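Engineer: Assemble chain B onto chain A, guided by the hints.
Protein chains in written order, with the numbering used here: chain A, 1 to 325; chain B, 1001 to 1642.
Any given hint could be a false lead.
Claimed, not checked - Calculated lysine-lysine pairs in the BS3-like style (CA-CA distance at most 25 Å, straight line): (1) Lys-1441(B) x Lys-1386(B); (2) Lys-144(A) x Lys-1156(B); (3) Lys-1358(B) x Lys-1294(B); (4) Lys-1335(B) x Lys-1363(B); (5) Lys-1294(B) x Lys-1398(B); (6) Lys-1156(B) x Lys-140(A); (7) Lys-1294(B) x Lys-1311(B); (8) Lys-78(A) x Lys-1063(B); (9) Lys-1386(B) x Lys-1404(B); (10) Lys-1279(B) x Lys-1184(B); (11) Lys-1184(B) x Lys-1013(B); (12) Lys-1312(B) x Lys-1386(B); (13) Lys-1441(B) x Lys-135(A); (14) Lys-1156(B) x Lys-136(A); (15) Lys-112(A) x Lys-1156(B); (16) Lys-181(A) x Lys-144(A); (17) Lys-128(A) x Lys-78(A); (18) Lys-1449(B) x Lys-1470(B).
FYI, nobody ran anything at the bench for these hints, they're computed from the structure. All values reported here derive from a predicted model rather than from experimental measurement.
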Amino acid sequence: MAQEVFVETRKLTKVYRDFWGRQKKVALNALNLQIYRGEIFGLLGPNGSGKTTTIKLLLGLLFPTDGEALVFGEPAAKVSKNERIGYLPEESYLYRFLNAEETLDFYGRLFKMPADLRRSRAEELIVKVGLASDKKRILKEYSKGMRQRIGLAQALINDPDLVFLDEPTSGLDPLGTRWMKDLIIDLRDKGKTIVMCSHRLDDVQDICDRIAILHEGQLQEMGEVHALLEDANRLEIQASGLRLNEALQQDLEEVLRRHGGKIESIGHPTTTLEKLFVRIVEESKAHPGRRYLPAADRSGATAADGETPRRHLPESTPVQKSKGA
Amino acid sequence: MWATFTLERDPPKFESVPADVQSWLLTAGGFSAAAICIWLPFVFLSLRERIDGGITGGRSWIKILLAIFVGGYLVSMLPAATAILGYKLGWGDPPTTTGKTIGDMSTADRYKFLFQFDILKLAASCALVAVLLPVLFNLSRLSLRRIWALSRLSFKEAIRRRILWVFSLLILVFLFGSWFFPYKAEDQLRNYVRTVYFVMTVLLLVTAGLVAAFSLPADLRNQTIHTIVTKPVERFEIILGRFLGYTFLLTLVLIVMSLFCLVYIARGINQEAAEESYKARVPIYGNLLVKGGKNVGYEWNYRQYISGDAKKDDPEYALWTFSDLPRDLANRGRKDNVPAGEEAIPVEITFDIFRTTKGEENKGIYCSFMFENWECPRTVDGIPEKLEQYRRDLESLKQTGATKRAIDNQLAAKYGYYEVQSFEVTDFHTLGLEIPAALFKNLAAWNRKNPALQVQVKCDSRTQYLGVNKYDLYLMDDVRSFEVNFFKGAVGLWYRLCLVVAVAVTCSTILNDVISFLVTVFLYLAGLLLEFIKQVAEHQAVGGGPFEALFRLVRREHISIPLDQNPLVAVIQNTDKISEWMLGRFLNLIPDMDRYDLTDYVAEGFDVSGSHLLLVGLLLVGYLVPWMVLSFYLLRAREIAA
Chain A
1 MAQEVFVETR KLTKVYRDFW GRQKKVALNA LNLQIYRGEI FGLLGPNGSG
51 KTTTIKLLLG LLFPTDGEAL VFGEPAAKVS KNERIGYLPE ESYLYRFLNA
101 EETLDFYGRL FKMPADLRRS RAEELIVKVG LASDKKRILK EYSKGMRQRI
151 GLAQALINDP DLVFLDEPTS GLDPLGTRWM KDLIIDLRDK GKTIVMCSHR
201 LDDVQDICDR IAILHEGQLQ EMGEVHALLE DANRLEIQAS GLRLNEALQQ
251 DLEEVLRRHG GKIESIGHPT TTLEKLFVRI VEESKAHPGR RYLPAADRSG
301 ATAADGETPR RHLPESTPVQ KSKGA
Chain B
1001 MWATFTLERD PPKFESVPAD VQSWLLTAGG FSAAAICIWL PFVFLSLRER
1051 IDGGITGGRS WIKILLAIFV GGYLVSMLPA ATAILGYKLG WGDPPTTTGK
1101 TIGDMSTADR YKFLFQFDIL KLAASCALVA VLLPVLFNLS RLSLRRIWAL
1151 SRLSFKEAIR RRILWVFSLL ILVFLFGSWF FPYKAEDQLR NYVRTVYFVM
1201 TVLLLVTAGL VAAFSLPADL RNQTIHTIVT KPVERFEIIL GRFLGYTFLL
1251 TLVLIVMSLF CLVYIARGIN QEAAEESYKA RVPIYGNLLV KGGKNVGYEW
1301 NYRQYISGDA KKDDPEYALW TFSDLPRDLA NRGRKDNVPA GEEAIPVEIT
1351 FDIFRTTKGE ENKGIYCSFM FENWECPRTV DGIPEKLEQY RRDLESLKQT
1401 GATKRAIDNQ LAAKYGYYEV QSFEVTDFHT LGLEIPAALF KNLAAWNRKN
1451 PALQVQVKCD SRTQYLGVNK YDLYLMDDVR SFEVNFFKGA VGLWYRLCLV
1501 VAVAVTCSTI LNDVISFLVT VFLYLAGLLL EFIKQVAEHQ AVGGGPFEAL
1551 FRLVRREHIS IPLDQNPLVA VIQNTDKISE WMLGRFLNLI PDMDRYDLTD
1601 YVAEGFDVSG SHLLLVGLLL VGYLVPWMVL SFYLLRAREI AA
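So that you can see chain A by itself, here it is in the shape it has in the complex (with noise of 0.2 Å):
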């Protein structure tokens, strides 16, 4: 069956000129895009590729040059079909003497809500992005990371169909990084459809389906995520339970040779720094007080609060070995 197409774009194409017609810059050229239902679409490149103007296309905040952006089948500029979109600018521009909860309720009264369910949808968003001890401060009191979750929140007040995030992760540290990306997978596991633009290659391989790749508003590749990024003339294998030495190489290199093939690298694999960051703010959590503690200071010492010392590294720290090609 084929798949339902939510956002599509036909020869879109934005020129911006200056007060007397004369063009600028092409921002994007003839750009045709087809996104499903369900996935989380990604568009990747550098800073003036296009991503920000595609969104802003397909969310009628630009009118196109030439060609068509459709949303919901429908052209962008109709504003009926903004009742299933929600949009999370870059900069979460929301509105500084406004409070959290001010801030949902005002956004939630530009949908058919009732005052119920919009006052019960405002309050689960608060607890959902962690601002519930915060919701009575006025914006303008928030940090940025605080504010980019409060924007998520009012991009969901009206439960929508199809989510537009412009540099989610912006501004967020890992921790909020961690948090933004597990938020839109769970979105997408609950059928809503998410386009984001990014120049954070690492967020958008973390968490999308399909990619575009756009340059100088050219768009330059465009497919599912692990397709692009395999490399079918390489294998990799992970295994548990060893430690590397001569004996395991050289019978790993023979069953290779007998197959044709040759290790090009070999040693453990390394924990990502998200990871480990992550990993020590929890345990830090975990156990109020414990700390960094130099090498020299660490070796069965107890610090003066009775605390245990942080160790220095993690378990995983790598010790990679390298072949040459």
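Structural biologist: Frame of chain A, contents of chain B only:
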């Protein structure tokens, strides 16, 4: 400032509404036609989809209707444009209309004129409908809930940004105002009223202009508007939300300020001022005919002056005729403390005196008044035997010991006439007379052939002149509450408030904040000078148009002396014709601010009638509708994220 009520323009009347609507139709239609002429090329260029899609919402039936009305406009303009072009090329004579009514024209001219006028009306209507159609279609999609949410946002924004603190400046007036008000006892109230209205006007309108002009550009700059337009919000709702939010907030401020001001005014008002202005008179005005009136040399031609030295065979007098009196006017004199047969109707006068000699120290001049109803032969003064009989009766009735009022009523009932001789009139003071109610007892049977009442006023003091204007003498229909009238005066300020907010919000849809504010201020100030700008545009200003005035300034030429004709002067005067034409078009953009200012009515103690408020409100609506339509298109066509 004259310490008296002066009305340089007649208050608005229902009778003039059809003509005003017609004029509005032609003006708004003209602007719509200009907009269509700008829009049409876009339809056929590359921006077609964008503009068309935005305006019609992609609905084909609106597209068809739009095409019909735009076509209707073009078709109906064709004969008018051909005729005008034909006249220019000398293919025929245009109808001679200058200084003529339609009735005065030749039959051919009349048909030509009416045809062109009607065809223009048709073209204007088509253009107007074509422009209004997408707006009306969009109106059906507006949601009060969303507009209210956006209004609340504007309301909260203004409060939380502590904009309202500016109104605490009013306290300065309350605390120190009386230190600086120099006044005669009778002028105390009018000075206070004018001052508090002035301060309220400045505070409210400057604040309104600032918040309205800065709000939308700030939203665009901070991109907060992105999260709104990506919700199911029509762009026009954003405009209406701003307009209603700020208007609502400032209306509350206006009510509170008016209350404080009223308490401030009423707390220590002296007796003379209270008698002069602490009321709301409901006057009945007549029409004035001045026989032998003169200009005594004032630049301000508000009044005509009648001499006390007029010859008997060439009398000078002022004659007020009242043709529209309430049928039950006689009953108005009935009061509990007035015995039957002694009822009186108050009349008030405020004249100017122009002295050619010093006259008597601390004395006014003397005037005589003759009141004649429709039954009285015109005029008693002209039939000496009748007048002599009246005076004989008066003398004999005085012997009976009856009260003066009773005698006056008896004679008024018999002769339809009443006179007041040697009445002392002081300069710019409101003075009261009482005329017998019996003059109006048969008013129900009035035949409308003659005026219901005529009042003839003569100056009796030799070597002195009496200055009169239509509004200097009136019958008092009723006296109402000053307090209520004070709030009615505040409605005039509220109208201006709406106007400023709407214009500023409209400008801010396309211009940046500072420029929007300055345009609003410019239009407001131009509105205060509307009469002068009109004079310049119609080539009525002394000293010529703007370029001629500049030329005179540089050359130090007197404004009243015609310039010597030479090629340079010809160029300047022709340039002025172009600038006057442009000024004429610009006139339609300028609000008639004078109409919304009701301060004088309240300060001088004259009631602002409900119909007056309604008609001024209609004028405001007529002015604001095109602005709101403009704002609809401007924001609609704007790329929010550009």
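Engineer: Against which earlier hints does the structure fall short, listed by number upward?
Structural biologist: Failing hints, ascending: 4, 5, 11, 13 and 17.
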